[in-house]
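Heads up: the sequence shown begins at 1 in the UniProt record's numbering, then just goes up one per residue.
Since the hints were made in silico from the structure, they are not lab data.
Everything numeric in this text was worked out from a predicted model, so none of it was measured.
The beta carbon of each residue, even a glycine, is placed where N, CA and C say it ideally should be.
Treat the hints loosely; a few may be bogus.
For each label pair, taking beta carbons as the anchor points, the in silico distance ranges come out as [to be verified]: (1) Ser326 with Lys109: 35 to 41 Å; (2) Leu330 with His156: 21 to 27 Å; (3) Glu126 with Ser234: 29 to 35 Å; (4) Met355 with Phe233: 33 to 39 Å; (5) Gly239 with Pro349: 34 to 40 Å.
Straight line, CA to CA, 16 Å or less: simulated EDC-like cross-link-like pairs of lysine to aspartate or glutamate [what the hints assert, rightly or not]: (6) Lys322 with Asp354; (7) Lys182 with Asp290; (8) Lys108 with Glu126.
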Amino acid sequence: MPPPCDWEVDRPKFNNGFMHSYILEWRENRDIPVGPTGFENNKFWLSGELYVDGNSLKPALDHEISIPTPGETAELEAKRLNQTSHSSMLLFQAKCEKLMNNQKRLAKKILRAEKNMPETSRPELEFNPFSPKIAMYLRPVEKRDSEQIAQIYNRHVAEGNITEDQVLISKDDTMRLFNKNKNEKLPFIVAVAGEPPELVISSNQGSQELHQGTVNGDKIIGFALSERYNYGFSDSVMGRSRYTSILQLFVAHDYQRQGVGRNLLDRLIHTLSTAYAYKKACKFINPHGDRVNECEGSGIWHQVIFQVPVLRQDDPEFPRIKNFLSSRFLFKEVGRTKSTGRSNFSRGPANWLDMVIFQLETSQAGTFDPFC
1 MPPPCDWEVD
11 RPKFNNGFMH
21 SYILEWRENR
31 DIPVGPTGFE
41 NNKFWLSGEL
51 YVDGNSLKPA
61 LDHEISIPTP
71 GETAELEAKR
81 LNQTSHSSML
91 LFQAKCEKLM
101 NNQKRLAKKI
111 LRAEKNMPET
121 SRPELEFNPF
131 SPKIAMYLRP
141 VEKRDSEQIA
151 QIYNRHVAEG
161 NITEDQVLIS
171 KDDTMRLFNK
181 NKNEKLPFIV
191 AVAGEPPELV
201 ISSNQGSQEL
211 HQGTVNGDKI
221 IGFALSERYN
231 YGFSDSVMGR
241 SRYTSILQLF
251 VAHDYQRQGV
261 GRNLLDRLIH
271 TLSTAYAYKK
281 ACKFINPHGD
291 RVNECEGSGI
301 WHQVIFQVPV
311 LRQDDPEFPR
321 IKNFLSSRFL
331 FKEVGRTKST
341 GRSNFSRGPA
351 NWLDMVIFQL
361 ETSQAGTFDP
371 FC
């Protein structure tokens, strides 16, 4: 069997050399003489009144004009316009009128339904579980808050289980803490009792500043801040643990159980993590546009830690603190160091305290450059 042939490429070209001999052979074998039909001299055929139908002539068919030629006569032009744009316009107008009538009927039905509908009270907004029980707002710490912050902290030193500060601190100590966080660009916020003050635009610098009448009357009722987890021997903060932070939270004793602490911590974690679901139940103002106290203003962080000193056995405050950190902020209790601190001996014999460590991941490990 011969191989298949590609007819588009391999087949030979047509050879018409046989045509001459074929015509000669056809002439020799023809039976019927070929001659004129006689119609070519007929005047009716020449005029187009008749046409050839086989061996005879027949009258030409009468075709009525169905598609007018535009512009021949005014009558034909009017007919053309009526058959195209005018008729389309009439159909479009009819559709628009029908649509408008339907809309009017629908509007009347809605009005009748609203009149017959029983009156219902406006649904109440969903309650935010982080909403404070008192009027308060949050803002970045300022130098003028140092004395009130020291007073709040000293109350905890005197009555609580502060392991590192066994004596009362001064305003200067608070100023050092303020300057340290400012230099290291770490968030430090305070809670203020009352409604947030109005803001005005300064005419000389274009920055937002508080009204002078409300500046000196702030009542600080709590504060929260972030600290470095570790320092190098050279006081460097660029070591391997630079993405870990320790959180501090203190609320004035007279304002505890009022939602102050949860709103302070809510805002503080928001500044350290974009992944955190910010509840935003309390107003936060930033009159001087401090970027550090905005979300990720101090950079990105991998872990945040709470170190809570507790009595070695049956601390009455520990269940409440654990529930506060675990249920509201998803902190996990990851460890406990035994007898690593002592209570204040000014109230009697000092007791050994355990340090319970709570940890929260604020950014996934893959977020960070492994070679940096």
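Results of checking the hints against the structure:
1. Ser326 with Lys109: 35 to 41 Å: violated, 54 Å
2. Leu330 with His156: 21 to 27 Å: holds, 25 Å
3. Glu126 with Ser234: 29 to 35 Å: Violated - the Cβ-Cβ distance for Glu126 and Ser234, about 52 Å, lies outside 29 to 35 Å.
4. Met355 with Phe233: 33 to 39 Å: violated, 23 Å
5. Gly239 with Pro349: 34 to 40 Å: holds, 39 Å
6. Lys322 with Asp354: Satisfied, since the Cα-Cα distance of roughly 14 Å is no more than 16 Å.
7. Lys182 with Asp290: Distance ~10 Å between Lys182 and Asp290 Cα, so the pair holds.
8. Lys108 with Glu126: Outside the cut-off at roughly 34 Å; violated.
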